[in-house]
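Each protein sequence line maps, in turn, to chains A and B.
For the working numbering, count along the first sequence from 1 and bump the result up by 61.
For the working numbering, count along the second sequence from 1 and bump the result up by 80.
Simulated from the structure, these hints should not be mistaken for lab results.
Just so you know, these numbers come straight off a predicted model, no measurement behind them.
Among these hints, one or two may not hold up.
Unchecked claim - Mimicking DSBU-like on lysine-lysine, the simulated pairs with C-alpha atoms at most 30 Å apart in a straight line are:
1. A:K195 x A:K183
2. B:K322 x B:K312
3. B:K322 x A:K110
4. B:K303 x A:K337
5. B:K318 x B:K303
6. B:K322 x B:K303
Here are the chains, one letter per residue:
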Amino acid sequence: MSTTNDNRSTMSAERFVSQAPFDPYSIEALTTEQERYYLASQWQLMWWKLKRHRLAVFCGLILLLLYSSTLITEILAPYNLQTRHTNYIYAPPQAVHWIHQGELIGPFVYGLRYQLNMTNLKREYFLDTDQIWKLRFFCRGDGYRFWGLFESRFHLMCPAEGGAVFLLGTDRLGRDLLSRILYGARISLTIGLLGIAISFALGIVIGGLAGYYGGWIDNVIQRLIEILRSFPELPLWMALSAVLPVNWSPVLVFFGITVILALLDWTGLARAVRSKLLSLREEDYCTAAQLMGASPRRIIGRHLLPGFLSHLIASATLSIPSMILGETALSFLGLGLRPPITSWGVLLNEAQNINVVALYPWLMLPVVPVIIVILAFNFFGDGLRDAADPYK
Amino acid sequence: MPRYLLHRLLMMIPTLLVISLIVFTIIQLPPGDYLESYIAELQSQGESVDPQKIAFLRQHYGLDRPFYEQYLYWLAGMLHGDFGYSFEYDMPVTDVVGDRLILTVLVSFITILFTWVIAFPIGLYSATHQYSWGDYGLTFIGFIGLATPNFLLALVMLYLANVYFGTSIGGLMDADYLDQPWTWGKFISVLEHLWIPVIVIGTSGTAGMIRRLRANLLDELQKQYVVTGRAKGLPPVKLLTKYPLRMALNFFISDIGSILPSVISGAEIVAVVLSLPTTGPMMLSALQSQDMYLAGSFLMFLAFLTVVGVLLSDLALAVLDPRIRLQGGITR
Chain A
62 MSTTNDNRST
72 MSAERFVSQA
82 PFDPYSIEAL
92 TTEQERYYLA
102 SQWQLMWWKL
112 KRHRLAVFCG
122 LILLLLYSST
132 LITEILAPYN
142 LQTRHTNYIY
152 APPQAVHWIH
162 QGELIGPFVY
172 GLRYQLNMTN
182 LKREYFLDTD
192 QIWKLRFFCR
202 GDGYRFWGLF
212 ESRFHLMCPA
222 EGGAVFLLGT
232 DRLGRDLLSR
242 ILYGARISLT
252 IGLLGIAISF
262 ALGIVIGGLA
272 GYYGGWIDNV
282 IQRLIEILRS
292 FPELPLWMAL
302 SAVLPVNWSP
312 VLVFFGITVI
322 LALLDWTGLA
332 RAVRSKLLSL
342 REEDYCTAAQ
352 LMGASPRRII
362 GRHLLPGFLS
372 HLIASATLSI
382 PSMILGETAL
392 SFLGLGLRPP
402 ITSWGVLLNE
412 AQNINVVALY
422 PWLMLPVVPV
432 IIVILAFNFF
442 GDGLRDAADP
452 YK
Chain B
81 MPRYLLHRLL
91 MMIPTLLVIS
101 LIVFTIIQLP
111 PGDYLESYIA
121 ELQSQGESVD
131 PQKIAFLRQH
141 YGLDRPFYEQ
151 YLYWLAGMLH
161 GDFGYSFEYD
171 MPVTDVVGDR
181 LILTVLVSFI
191 TILFTWVIAF
201 PIGLYSATHQ
211 YSWGDYGLTF
221 IGFIGLATPN
231 FLLALVMLYL
241 ANVYFGTSIG
251 GLMDADYLDQ
261 PWTWGKFISV
271 LEHLWIPVIV
281 IGTSGTAGMI
291 RRLRANLLDE
301 LQKQYVVTGR
311 AKGLPPVKLL
321 TKYPLRMALN
331 FFISDIGSIL
341 PSVISGAEIV
351 AVVLSLPTTG
361 PMMLSALQSQ
371 DMYLAGSFLM
381 FLAFLTVVGV
391 LLSDLALAVL
401 DPRIRLQGGI
411 TR
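Construct the complete structure from the given sequences, taking the supplied hints into account.
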């Protein structure tokens, strides 16, 4: 030790030499920040990357909100799905007011006076400013069976006693459109998820077969996919749903339609799975697994799939909108779901002719949630797809 | 090139065969024999049934035979131009269908042109002004078009045109020209009525096309030769139009394959709302009344239209792009 000190004192004074013991790994040492990044799992990286995509996060939140609202639809909706108000048929949307003649009352709606226009037989409603129906919150309203499990009368918002509130108007049977849209979300949103689950399974299995085995299986499946893709979707959907027996119960029809939507949708996923498998199965780790005697199922499921599952989920998210639109279109044409099952498409079925647009335009409102959901899924899926490859 | 053409044409045959098998299976799926329900319906309306005619139809279309024989009959008939018999209209399918097929082709074709005209400048702008406000705004508008259900847009347009232009735009021609032979006047009238369905159907495909065009062009703009050109001081406009834009033009042809099925799908449902005399409304009613041969012919025709459209686009691409012509394949 002492010799080194002597050496140093003989050298020029300006040269600085660190006293710290030499660490051969000093270059490779990471800051805590870097360490966190390098040690993070793939899913964690994806999450960080997704978080930076503001629009995608926002859209994801909207979707989360919508989906969780379907869990408590009965509470959120002011009325039940089938509650009829025979005094208020085709009532227009009511505006929520706060102040009546300079006096703060809190949220309320004015009463409605009904008159039949004798020239065009249109039902006309006038505001009755003498009647003030104060909205009630966390209140008791229509009775329902929550999830079919227990009776309840609790609602988030109810009309005043003896009054009514139709924030989005009523339909030809005097049913509150807001409640019906909320209930319709249940069906419209789940049909996309159920359908994508089926087509996801189909796509992984069929694409996996094609990609892993290759050869003639691959050829046959590729041709089949090409043929299915060359079919215009909607006419085929129409034909298939026209085949569903008329005597099926609405619930069976619901599942039938879901399966039909899924039957034509798996092709894109299968193609993605196939091309990924084709490139990944040449990797060394795959050969190693093969040599150790792993079965194809294990190799695909355990070693290959996790490598591109995130991509698959992203592209699946992007194909949910087409399913929702497909269901809407089928139900609009009367080939899809049947009442009493109510989806947004079934609601739009009532807006089928031009008279509705002219006289009762609020019946077209169910299209607003459709547009929001489609846009949200598109942007969210885009963000997911960008995030799906966090190493880029 | 002739080799490529021959190869593509030969590939079409098995494709169409499989499609015809799928179509026939679908229209056969509902239980029962169509003539049985046909007879039952006629009897319930108190009309008499001519047993001779029923026997003739049953024998002619082999309805008492097993599935595969019926299919072969149907297939063989189609090759001779006999598409079967429409039970609902009581006429051969070919007579029922008439002009509708041509009009469907016309509507689809013009819609694709419209999509091109709209998508091209927007895609170009979005790619050259990436991440600008214009890029975001135009993309968003495109997305709204994608997200709005076609049929509702059709309904609203129908109403607006009625209010602001005072014309009834339902249908595809003035009522005077219905069932008239094709004349110049009828053609003009069709063109006048065509714009609404074209806009309505076009909106849904445009967003996808803008997105794909933008992505393609962005890839091209980042390539080495473009960078080299820019480094050498080529003016931006010339740099864009000389090569990347030509690549984008190729893409327009090859993209027909992906938008044609959706255009035809969209055309069907919009035609129902606007009651256009195309295949849409008639196919819907044929499916609902389970008029099997009529529905089957429509499905078959739409699939055929798609397959031929894709083939034509591939051929055009092969003519335009020597890389495809020489390699004999397309990498999309």
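Structure-based check of all given hints:
Restraint check: the Cα-Cα separation between A:K195 and A:K183 comes to about 28 Å, which is no more than 30 Å; the hinted pair holds. Between B:K322 and B:K312 the CA atoms are separated by roughly 14 Å; this keeps the pair inside 30 Å, and the hint holds. Proposed proximity of B:K322 and A:K110 is contradicted: the alpha carbons are some 37 Å apart, above 30 Å. With a C-alpha separation of about 25 Å, the suggested pairing of B:K303 with A:K337 holds against the 30 Å cut-off.
A threshold of 30 Å between alpha carbons decides the hint, and for B:K318 with B:K303 the separation of about 16 Å falls inside it, so the pair holds. Of the supplied pair hints, the one linking B:K322 and B:K303 holds, its CA atoms being roughly 14 Å apart against a limit of 30 Å.
Hint 3 from the list above is the single one not met by this structure.
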